[in-house]
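Please build the complete structure, drawing on both the sequences and the hints.
As they're listed, the protein sequences go chains A and B. Letter by letter, the first sequence follows residues 1 to 282 in the working numbering. Letter by letter, the second sequence follows residues 1001 to 1301 in the working numbering.
In case anyone wonders, no lab produced these hints; they're calculated from the structure. All values reported here derive from a predicted model rather than from experimental measurement. For each residue, glycine too, the CB sits at the ideal point set by N, CA and C. You may find that some hints are simply not true.
Simulated coverage check for chain B against chain A, where a stretch passes if three residues somewhere in it have a Cβ under 8 Å from a Cβ of chain A [what the hints assert, rightly or not]:
1) 1070–1083
2) 1224–1231
With a straight-line Cα cutoff of 20 Å, these simulated EDC-like cross-link-like pairs (lysine to aspartate or glutamate) come out [stated by the list, open to error]:
3) A:LYS22 / A:GLU101
4) A:LYS66 / B:GLU1078
5) A:LYS117 / A:GLU270
6) A:LYS274 / A:ASP108
7) B:LYS1041 / A:ASP189
8) A:LYS275 / A:ASP108
This is what each chain is made of:
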Amino acid sequence: MNLSLSKDLTANSLIVWSELVKNMKFLTAYPVVFIFWTIFPIFWFIPFLLQGQAFVGGLQSPEFAKLAGTPNYVAFVILGGILNSYVLTSLYGVGESMRREAYQGTLDYLLSSPCNKAFILIGKALSESISSTFYALTQLVVCVLFFGIEITLGVVMPVLLVIILLILGLYGIALMLAAISLQSKQAHDLAHTLENVFYVLSPVRYPVQSLPSWAQMISSLLPLTYALIAVRSLMLLRYDITAVYYEILLLFIIDMLLIFFGFYLFNWMERRTKKSGSISHY
Amino acid sequence: MAEDENGTQGLNPVSCPTGFSWANLKAELRAIWESNVKVWKIELAYPVSFVRQSVQPLVMLLPFLLYGLVLIGGRYSEALQGFLGTVNPVDVVTYIFTGYMVMGFIGTAIWAMGFSIRREQWFGTLESIYVTPTSRLSLVLGMALHSTMHQTISVGIEFSVIYAVFGLALNIQGILPALTIFALMMFALYGFGILISALALFLKEGWIVAEGLYSILMILSPVAYPLAVLPTVVRQVSGVFPTSPALMGMRSFLMEGYPPQAVGTIFLHLLALDAAWILFGILVFYFVDIYIRNRGSLGKY
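This is the structure:
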């Protein structure tokens, strides 16, 4: 019994490791793509910084502070942009990963292999997390050097915890997306729609309080909302981790729900697709 | 089948108009129209995707608006008034809307036109199109026509929602001259789009170039801020692209209290950019076309 468990664990770890290595090989095979994701997310928030300068005439906005708690809109937007890049990589990286396997002609082999497919997805999510964190760190270094963002060593661990929780929640959503792409084949529009929901309804560029109440309700269901509130409280407002325990707790609960439903939906869709014989349909 | 004396195997010979003739122009215009119709048919076959794409510009505009309103705690900015030199504080909603409306058409040039040929490659129809006697540019222009029509629908949705929710202070009598400036800008953007389609043909995975150029153009164009906030060198570079003079010209007609621009200078600037971008785009397209066919890499991914 113990021997079998240990064998299973080794085999499953090997699946995760192989998937991780495969995705890393893909990533390093296209250095331009790698550079793009490192640099260009910075270009996406620069217009917002320039807009702020034009509208306010400086780098601090007292009006902004009334809702955001800080007049420093530059740091607010930069942190929002960096954390939002995790949404993009999880939705398009993991969410559409099964679709990509179909394009590459390897989906049939993956799904007919005798392993638990959840471990394949864990491998994909892990590789995506590593690359996303590398991109985010590079962007953060650029922002520290050029935009005057300040980081103290004391906030590194709590922020890391929040980011890990954010990644878990996002990959729960990505699992659902991967499951839907197995059945409906084209999940691209859904991924775009979800990206838009996160972008508009989470406090990426502006505080949630500026949204109408119905939008704030939807926003309260998104993991990015709590992650952004917690990270900004820790990094910008210099709060202690105990001050954001409520956000962290809610983020954790949302994560558990998303991951549970993500795996459940994926396994259900996998069985359904196999039965219908439509795995290799385009 | 036995060949007859004309070598047509009994089929009716078809003659294709060539060169600078009225018949050829008519044939190319027909090809542009048919190409446009084809893209509409494909697009309307996926109604969910069509709706999402039509609403997307509005979704991307909202963060600029909400962020702007939160920054100043209202809709009139005195700082922007100082940058633009207007008499009264500037209505930021109208300012951002007019800017972002134009930005959508940059997406037309870069994404739709730029990927028109690449898309045929994905569909597996590129080689078939290349052996027809129609100009490859007609395919790109057909896509441009479709995309301009599609973007107009999106702008209509944007306008309706923003007008209903926030209200817009636009000069109705300024629409006609603004549209003339807009048309001049579009010609230059079409030249830019032809250039991108050549790059996509050459680089294959041209999405990085397209996304990169779009992001850079977004910074260089006065969409949500005046050029005065940019460093001098960057401001000068922005003059190479049609969006900067076009936006300044259009806003002077559309926005109440916006400082009047030297309209003649803007028209001349845009005409010069039209000629330069169209010629440059066609020239690059022509050389890339020859290069790709000589290398035999047309069908390569």
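Here is what the structure says about each hint:
1. 1070–1083: As far as the segment 1070–1083 of chain B goes, the hint holds, because 11 residues have Cβ atoms under 8 Å from chain A.
2. 1224–1231: Contact hint for the segment 1224–1231 of chain B vs chain A: holds, 6 residues under 8 Å.
3. A:LYS22 / A:GLU101: Distance ~12 Å between A:LYS22 and A:GLU101 Cα, so the pair holds.
4. A:LYS66 / B:GLU1078: OK: A:LYS66 and B:GLU1078 at ~19 Å, within 20 Å.
5. A:LYS117 / A:GLU270: Roughly 9 Å between the alpha carbons, so the hint for A:LYS117 and A:GLU270 holds.
6. A:LYS274 / A:ASP108: Distance of about 10 Å is within 20 Å: holds.
7. B:LYS1041 / A:ASP189: holds, 18 Å
8. A:LYS275 / A:ASP108: Cα-Cα ~13 Å, so holds.
In terms of the numbered hints stated before, the structure departs from none.
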